[in-house]
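Undergrad: Going down the list, the sequences are from chains E and G.
Quick note: the first sequence uses my numbering, first residue 1, plus one each step.
Quick note: the second sequence uses my numbering, first residue 1, plus one each step.
These aren't lab readings, by the way, just hints derived from the structure by calculation.
Take the hints with a grain of salt, since some may be wrong.
Unchecked claim - In silico SDA-like links for lysine to any residue, alpha-carbon gap of 20 angstroms or less:
#1 Lys9/E with Glu83/G
#2 Lys233/E with Lys420/E
#3 Lys152/G with Asn171/E
#4 Lys64/G with Glu196/G
#5 Lys605/E with Ser553/E
#6 Lys233/E with His165/G
#7 Lys238/E with Lys169/G
#8 Lys148/G with Lys238/E
#9 Lys169/G with Asn171/E
#10 Lys575/E with Asp24/E
#11 Lys575/E with Met1/E
#12 Lys152/G with Glu168/E
#13 Lys169/G with Glu83/G
#14 Lys152/G with Lys385/E
#15 Lys249/E with Asn201/G
#16 Lys184/G with Met1/E
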Amino acid sequence: MATPGFAGKILLVDLTKKEIIPLDTDEYAMYGGGHGTSTALFWEYCVARENWDLQDAFDPRNMVSLMTGAIVGTGVPHGARTSVSGMSPQCYPVQWFCHSNFGGTFGTMLKLAGWDGVAVIGKADKPVYINIADDKVTLEDAQNLWGLTTWKCQEEIWKRSGIRYGQEWVNLDGSYTMQRPAIVTMGPAGENMTRVAALVHGGGSGAGQGGFGGVFGSKNLKAVAVMGSSSLKIADPKGLQNALEWMEKTWGGGGGGFGFGGGQDVQSCCAGCGTARKCHNRTRAHGQDSDDCAESTLFSQTPSNGQIPSDANARGMDLCQEYGINGMECCFQGPMSFKTDHNPDFPIQPEVPAYTALGWYMKKMYDMGVIGPGTSYDMAPLNMKQFNTNEFMEIYALALSKRHGIGDMLAEGTARFCEKLGRTEDFKTLCRLTMWGYQDHWSMPGVEWAYGNLMDSRDINSHDITHSPGGGFGGGGAAPDAEKFVRTMAQRTAPFNDPFWFDYSWEGKQAYDTGIFSRHKAQFTAWHQHYWNYYKESVGFCDWGYSNLYSGSHPQNFGKTPEVEPRLLNAVTGKNHTFEDGIEIGRRAWNLKRAIFVLQGRHRKMENFTGYYYRPGASYCGYSPNLPIFDGSKWEIKNSKELYFTEDGVEHWKTHFYDIEGWNQDSGYPTRKTLEDLGMKHVADYLESKGKLGAA
Amino acid sequence: MAGDKKTMPEKADKKKFSRRDFVVGGGTALAGGALAAVSPGAAQAAIKQDSYPLATHYLVYDSKHCAGCYRCMTACSLVHEGEINFSLARLQMHRAVLDEYPFDISINVCRQCPTPLCVENCPTGAAHISAENGNIRMIDKDKCIGCKTCIKSCPFIPYRPIWNHYTNKATKCDLCVDTPYYNKKGGPGGSQACVEACVANALKVVTELPDQTDISGYDRDLQPPRKAMPKMPFGAPKGKSKAAPAAKES
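Please put together the full structure from these sequences, using the hints given.
TA: Right, dumping it as structure tokens:
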């Protein structure tokens, strides 16, 4: 019998062999579900069973997993995420094992069909989609879906059935459902194996980062469709209701969270969420899309620094959803004008928008004469005279997703586009690439985000600390008393409760003693990654709700963390896990991922930021520049827009970080003791056989 | 495709009334009268209408402000069954996520019909009117034999009773009377899990019989009164020198 909160089975599909294999979810329980379980599956099926170099994400041996966690489908707000894992074609220069996730109803429907996740290996000999109706799983012909946009593909799958969804009950072998299948699909960008291809579900719930749409394309896998009529067991139904009421009474509707708040639209939500965050809306005036996720809502509704007219920007984002393009990577500029709002005195490049993306960089190269007329790079099929128009957006999306003309270069993503132009120096200036080919995204001056980028394999996209809902470091009404503020935050970060985790001193000796290069910050970063690997990417909590250390809704300004997570989880699963138990599960999954990184070539020598972080101005677009600073005797909230790293400081931090993680300080490889303490002797043995085990 | 298109196999060969039927009909006749025009069974039931006491409480909804989050359905199956299963939720929200607003969301609830054909036609008395619970139309699971007559009798499309494929019996919305897993007292005068769970103020229990003529009796605007919009938010119209009066909030 499955653990309550879990469906109990994972669907493994081998497209090459056309095999459909159910796996027991509980066999992977020690990894926590979601991304943790996907990491364990990748290890088992792609690392331990295959002898390959783990370098090409488009290799059929790569596994792409869609995996849920315990909280998904339970009606818990901020709990609808489906994690996507696998080797990423977008990561640069190595196509690291990576992750993304998306909301909507897919994860919930998957669990109600009796499956905790879907893991796909191999390559079909012709286009297929995976169709799941409770226990019945089939590979369906997708040849006439190939070429369709993500929206058309979903509509076609719905239409094929001949069912009038919502107006009649559908018979699933004796059980009935009124719901239509939840579908996640890739568009032409995925079919053509671009490195910037997203997976899209519904109107705009998308897994963008990582390029997993391209992995689907490499497998001839167009979509996964699921509908279910099964029951999801809840260990303590009344306890879950009590916990939800307590949370909502204490922290407000849905438990509070990062989001847009007000607005003019009728909101819609991911399944079970209902947090009034305006992450989605039903009434977008443009296009067909009534279900844009936050990302595209943000991009398309925000004035665009005057560069792109808002309607063209909006059309561009709709096109991203339709063609299955990662909008964050390929858009023309950032979501907000931080230069104006937060950092009017930005000293380096005031002309660079807050979020430099591929479209903006391409235009910049054109304006600089690097590409276009007179160069060896023809702009066709783009007509730059049409720039700023809907027509231009249409051609841009089409060229990129179908690799037409210059679109073939763009489809490689910003980092590889730079490389092809021979301009990798732009990583640290115009491109503002932080690590592994991903652009800066508010990762500074909240350095734990930047450090997370360095140690993981992508922009970790973790808004939770420096954007702490209801507070943040100076944004949104932080406590004026800096010391009280950091002590409040420290109380919420069990089991360490160290106020110096929140010291952002970045100059002089203090930076090394208690600030951004200190052991305190290394410990915080490790905790943050362990938290992230379990509670967010494995359990299924949304980044916009968790972690939550500081809240203006609570009388003592306590955030939901660390009380809410275990209380909700225990009500669902019937276990008696502490918050720290979850952190330990996250540490296990994180170390297993580390072992995969090491086998892919990760070494301490590689873990250096691009030059972007090592120069003044690195923090100019940070969402909240006001940070707690400890000067050796007292705390103060200071504007830290000038904050940047030094190479020596980062090396100092890395030594602490590897030591805390139990990794060899010279190589960054996990040691046998670390892995065995986490119950992963088999991983230690394998690393040793490959000469990649860290010396004690 | 995921499921075979199939209506209930023993579905009675009767004209069923959906909201479209009423809307298309466009008539102002009472539902009972409309049914009588085409449905012999319904006509028979309509004649007996006086013999059925009206329910004291009705679940109404606001599909235009629904967030489509499924919390109502999740809560419904949780408090009744102790587990989460959309197929066992006694109200059904359906979201056509790519359709345009407001046609993207439809909600189907039991209407607690004045003339409950499920009660009328139940051969065992399982479907009954519960006098001690505000005359709510309920199904006694101990008496239900799983014959699906209530489902076949429901005049609405999609039908509103729910088929529980685990117990092979029918259930229906009881306004949370029989909720062994609810942390509150349910039923008329008590709480309803779906209403409590809704974050969009899109569900409400009312005590007056909703208009039976068309769908608007149940699908209605449930939002609190909006603040008055400023009359001229962008200043006075061109050509007028006098500023517009300040807006008043309601």
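Undergrad: If a hint holds in the structure, say so; if it does not, say that too.
TA: These are the hints, each one checked on the structure:
| no. | hint | verdict |
| --- | --- | --- |
| 1 | Lys9/E with Glu83/G | holds (17 angstroms) |
| 2 | Lys233/E with Lys420/E | violated (53 angstroms) |
| 3 | Lys152/G with Asn171/E | holds (15 angstroms) |
| 4 | Lys64/G with Glu196/G | holds (18 angstroms) |
| 5 | Lys605/E with Ser553/E | violated (44 angstroms) |
| 6 | Lys233/E with His165/G | holds (16 angstroms) |
| 7 | Lys238/E with Lys169/G | violated (25 angstroms) |
| 8 | Lys148/G with Lys238/E | violated (31 angstroms) |
| 9 | Lys169/G with Asn171/E | holds (16 angstroms) |
| 10 | Lys575/E with Asp24/E | holds (19 angstroms) |
| 11 | Lys575/E with Met1/E | holds (15 angstroms) |
| 12 | Lys152/G with Glu168/E | holds (13 angstroms) |
| 13 | Lys169/G with Glu83/G | holds (17 angstroms) |
| 14 | Lys152/G with Lys385/E | violated (64 angstroms) |
| 15 | Lys249/E with Asn201/G | holds (17 angstroms) |
| 16 | Lys184/G with Met1/E | violated (29 angstroms) |
Hint compliance for this structure: hints 2, 5, 7, 8, 14 and 16 are not met, and every other hint is.
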